[in-house]
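2 protein chains.
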Amino acid sequence: MNNFIYDIPVKVYFGENQLSNLGTELKRYGQRVLLTYGGGSIKRIGLYDKVVEEIRSAGLDLFELSGIEPNPRIESVRAGVDICKQQGIDVLLAVGGGSTIDATKFMAAGACVEHDAWEFFGADAKPIERALPIVTILTLSATGSEMDAGGVISNLATGDKLGRMAQPMLPKVSFLDPTLTYSVSKYQTACGAADIMSHIMEVYFNTNKDLFLLDSCMEAMLKTVVKFAPIAVRDPENYEARANLMWTSSWAINGFINGGRRKAWSCHPMEHELSALYDITHGLGLAILTPRWMGYCLDETTVDRYVSFGTNVFGIDASLEPMAIARESIKRLSEFFFDTLGLQRTLSELGIKREDFALMARKACRYGDINGFKRLTAEDVERIYEMCL
Amino acid sequence: MNNFIYDIPVKVYFGENQLSNLGTELKRYGQRVLLTYGGGSIKRIGLYDKVVEEIRSAGLDLFELSGIEPNPRIESVRAGVDICKQQGIDVLLAVGGGSTIDATKFMAAGACVEHDAWEFFGADAKPIERALPIVTILTLSATGSEMDAGGVISNLATGDKLGRMAQPMLPKVSFLDPTLTYSVSKYQTACGAADIMSHIMEVYFNTNKDLFLLDSCMEAMLKTVVKFAPIAVRDPENYEARANLMWTSSWAINGFINGGRRKAWSCHPMEHELSALYDITHGLGLAILTPRWMGYCLDETTVDRYVSFGTNVFGIDASLEPMAIARESIKRLSEFFFDTLGLQRTLSELGIKREDFALMARKACRYGDINGFKRLTAEDVERIYEMCL
Numbered sequence: 001m002n003n004f005i006y007d008i009p010v011k012v013y014f015g016e017n018q019l020s021n022l023g024t025e026l027k028r029y030g031q032r033v034l035l036t037y038g039g040g041s042i043k044r045i046g047l048y049d050k051v052v053e054e055i056r057s058a059g060l061d062l063f064e065l066s067g068i069e070p071n072p073r074i075e076s077v078r079a080g081v082d083i084c085k086q087q088g089i090d091v092l093l094a095v096g097g098g099s100t101i102d103a104t105k106f107m108a109a110g111a112c113v114e115h116d117a118w119e120f121f122g123a124d125a126k127p128i129e130r131a132l133p134i135v136t137i138l139t140l141s142a143t144g145s146e147m148d149a150g151g152v153i154s155n156l157a158t159g160d161k162l163g164r165m166a167q168p169m170l171p172k173v174s175f176l177d178p179t180l181t182y183s184v185s186k187y188q189t190a191c192g193a194a195d196i197m198s199h200i201m202e203v204y205f206n207t208n209k210d211l212f213l214l215d216s217c218m219e220a221m222l223k224t225v226v227k228f229a230p231i232a233v234r235d236p237e238n239y240e241a242r243a244n245l246m247w248t249s250s251w252a253i254n255g256f257i258n259g260g261r262r263k264a265w266s267c268h269p270m271e272h273e274l275s276a277l278y279d280i281t282h283g284l285g286l287a288i289l290t291p292r293w294m295g296y297c298l299d300e301t302t303v304d305r306y307v308s309f310g311t312n313v314f315g316i317d318a319s320l321e322p323m324a325i326a327r328e329s330i331k332r333l334s335e336f337f338f339d340t341l342g343l344q345r346t347l348s349e350l351g352i353k354r355e356d357f358a359l360m361a362r363k364a365c366r367y368g369d370i371n372g373f374k375r376l377t378a379e380d381v382e383r384i385y386e387m388c389l
Numbered sequence: 001m002n003n004f005i006y007d008i009p010v011k012v013y014f015g016e017n018q019l020s021n022l023g024t025e026l027k028r029y030g031q032r033v034l035l036t037y038g039g040g041s042i043k044r045i046g047l048y049d050k051v052v053e054e055i056r057s058a059g060l061d062l063f064e065l066s067g068i069e070p071n072p073r074i075e076s077v078r079a080g081v082d083i084c085k086q087q088g089i090d091v092l093l094a095v096g097g098g099s100t101i102d103a104t105k106f107m108a109a110g111a112c113v114e115h116d117a118w119e120f121f122g123a124d125a126k127p128i129e130r131a132l133p134i135v136t137i138l139t140l141s142a143t144g145s146e147m148d149a150g151g152v153i154s155n156l157a158t159g160d161k162l163g164r165m166a167q168p169m170l171p172k173v174s175f176l177d178p179t180l181t182y183s184v185s186k187y188q189t190a191c192g193a194a195d196i197m198s199h200i201m202e203v204y205f206n207t208n209k210d211l212f213l214l215d216s217c218m219e220a221m222l223k224t225v226v227k228f229a230p231i232a233v234r235d236p237e238n239y240e241a242r243a244n245l246m247w248t249s250s251w252a253i254n255g256f257i258n259g260g261r262r263k264a265w266s267c268h269p270m271e272h273e274l275s276a277l278y279d280i281t282h283g284l285g286l287a288i289l290t291p292r293w294m295g296y297c298l299d300e301t302t303v304d305r306y307v308s309f310g311t312n313v314f315g316i317d318a319s320l321e322p323m324a325i326a327r328e329s330i331k332r333l334s335e336f337f338f339d340t341l342g343l344q345r346t347l348s349e350l351g352i353k354r355e356d357f358a359l360m361a362r363k364a365c366r367y368g369d370i371n372g373f374k375r376l377t378a379e380d381v382e383r384i385y386e387m388c389l
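From first to last, the protein sequence lines are chains A and B. Per our numbering, the first sequence starts with residue 1, numbered consecutively. Per our numbering, the second sequence starts with residue 1, numbered consecutively.
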């Protein structure tokens with residue numbers, strides 16, 4: 001069991017109609033606010049008007065940057081950095097899902113340095129020592145970006161999709177209103193659920209021994225997604241389902257469940273190459289990869305984790321043989337993603353071609369083998385992609 | 001489901017040998033440090049010397065207040081306030097269990113006002129708008145004071161033992177080293193376990209409907225205590241057991257599990273009257289009261305919670321009749337406290353007299369009925385005390 005530092009000072013307003021606190025919270029951090037968002041969805045659900053009204057009635061100066069992409073691009077980050085520098089922005093307000101929040105984090109960091117924001121990424125990444133304060137209003141339960149210090153940015157020019165974490169990018173305040181996710185489509189709700197589960201499973205499937213408490217909390221979170229994602233898909237305005245998914249998405253990746261575990265994640269780096277090259281939805285890529293990765297990693301040395309997962313999350317009979325429980329747990333997870341949630345089950349269906357596997361696998365291992373639950377070489381990654389055909 | 005605000009910005013260093021960070025952390029808050037502690041135990045385990053060495057080598061000025069009692073008294077708080085004011089203390093460092101940390105919180109708050117610290121308590125309590133910064137080093141897993149904003153202080157002159165919460169008293173940094181609890185006696189370890197479980201059960205047994213996620217996390221925490229408290233009692237230097245109990249104790253009461261639940265606690269106000277009058281260990285009082293309180297509150301309207309508790313925490317067969325599961329869950333909890341952990345099972349064994357029940361019950365309801373899981377009048381509280389004879 002390794003030591004760890006727990007440090008998640010994000011303040012969260014959870015529930016409906018909490019935006020009356022927005023002006024007060026923004027004001028703590030300054031006068032000039034950059035509002036960032038993606039497409040028109042926040043206007044369609046009336047959120048944009050409410051946010052602008054709160055900012056104006058607090059007497060703050062409002063600047064805007066819209067058009068942040070799903071799988072947000074470095075060009076959007078650069079545009080935000082320019083506004084921050086030119087307008088002397090004090091605080092950034094990201095309204096949207098993980099893409100908008102991720103991009104906003106790197107705008108906030110980029111505003112504090114002279115170099116280009118893409119230099120925060122890659123092997124010789126520049127340090128992130130400061131960032132402008134960030135407030136978020138979440139509209140999609142998936143990435144957990146509202147309560148963590150990381151983000152992922154795509155660079156189409158280099159074909160890269162790279163992640164980076166840094167404590168200064170942690171949001172100061174996040175507003176989590178489950179009703180703001182009512183309009184999320186069945187498909188995006190399902191992809192979000194797969195993303196949340198993957199965040200937990202990347203930590204849960206680990207050969208580092210750590211706190212039983214945290215394993216049990218991860219099982220609690222996974223059970224919550226398994227119980228409520230189908231309800232949210234079926235009944236999009238079910239508050240209880242949306243609320244459970246929303247709070248689980250934050251806790252899945254804010255660092256709490258890690259404890260002292262230090263193993264690398266596996267499915268995320270494999271997936272990032274898929275969405276970097278094909279611009280698919282991240283959660284869908286994870287749903288397709290995860291059960292195959294579990295199958296690839298299953299052996300006598302790893303079977304115990306599958307048994308805990310299968311019995312505690314899916315309620316599989318604990319008296320069965322360990323290998324039988326493990327195989328059943330993979331089957332149950334597949335059924336959950338592809339039958340219950342209705343996600344596409346193969347890379348072929350998405351038009352992803354075998355001929356790109358070798359390149360993507362090499363890129364997934366650009367910094368060396370993926371040293372996660374089981375060590376994966378580029379060849380292993382290629383085999384796992386092939387299992388997804 | 002009610003809205004809530006989540007705001008727990010405590011930074012935690014978890015694990016062995018993290019005290020090398022103590023000087024750096026204290027320095028953030030100033031130059032003049034008041035070290036507070038209880039009896040000689042921190043000297044016996046060598047912790048005092050380590051702490052003093054860290055403070056001195058960081059070049060900070062050290063002041064001391066020792067002798068803080070279990071069930072800490074207002075006189076200790078006053079003594080600390082006097083030192084803070086006379087010496088211009090910048091930051092308080094509490095080293096010990098919940099008693100030392102609780103008392104230190106009110107010293108930190110008392111140092112910022114002109115009135116007597118006892119005026120922070122009771123029906124006309126003065127506001128707590130500021131407090132000096134607090135750093136803690138925990139030596140006992142029980143109260144969770146290291147990660148929450150509350151504390152309980154006794155006033156023998158008035159016969160009161162009263163609690164108070166206020167966000168400014170939240171510790172800035174807490175050091176949680178499981179090895180510092182190796183020397184905690186079997187008895188105190190068992191009492192601490194009962195205290196942790198009670199903190200969770202006071203929230204879990206609730207008629208407010210809230211997030212399934214949080215119910216499941218509470219069950220995860222309860223299972224952790226049930227699994228590891230007996231190991232820590234049997235094998236005091238078992239790191240895994242001590243670590244699990246320590247991190248669970250913090251999360252049992254830092255506010256995370258509450259969500260939007262707003263019902264009052266029940267066993268704590270009943271117990272505070274026992275330890276106010278008889279100075280017994282808080283966790284022992286809770287262990288004696290809790291199963292009787294559960295028995296008193298069980299009926300057709302409340303039985304569902306007992307069923308979830310019994311099946312998910314103690315693994316009772318879910319196919320039994322609900323009432324049978326409920327009664328079995330009370331039996332299993334009693335066996336856990338009194339047989340497995342070896343705690344005393346009645347108030348009579350502690351010399352607590354029936355003739356004091358009416359007065360204690362009235363005091364427990366001094367602000368009105370206890371409006372918790374089930375509403376309890378002073379007469380109800382008296383009946384529950386009688387069940388503990």
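Note that these hints are calculated values from the structure, not bench results. Worth double-checking, as some hints may not be accurate.
Chain copies aren't distinguished; within one or between two, either way the pair holds.
[To be verified] Derived lysine-lysine pairs resembling DSS-like cross-links, with alpha carbons at most 30 Å apart:
hint: 1; residue 1: K353; residue 2: K209
hint: 2; residue 1: K27; residue 2: K363
hint: 3; residue 1: K11; residue 2: K223
hint: 4; residue 1: K186; residue 2: K209
Please read these numbers as outputs of a predicted model, since none were measured by experiment.
Against the structure, the hints:
no.: 1; hint: K353 with K209; in the structure: neither (38 Å within a copy, 49 Å between copies)
no.: 2; hint: K27 with K363; in the structure: neither (43 Å within a copy, 44 Å between copies)
no.: 3; hint: K11 with K223; in the structure: both (25 Å within a copy, 28 Å between copies)
no.: 4; hint: K186 with K209; in the structure: between (37 Å within a copy, 26 Å between copies)
The structure does not agree with the numbered hints 1, 2 stated previously, though it agrees with the rest.
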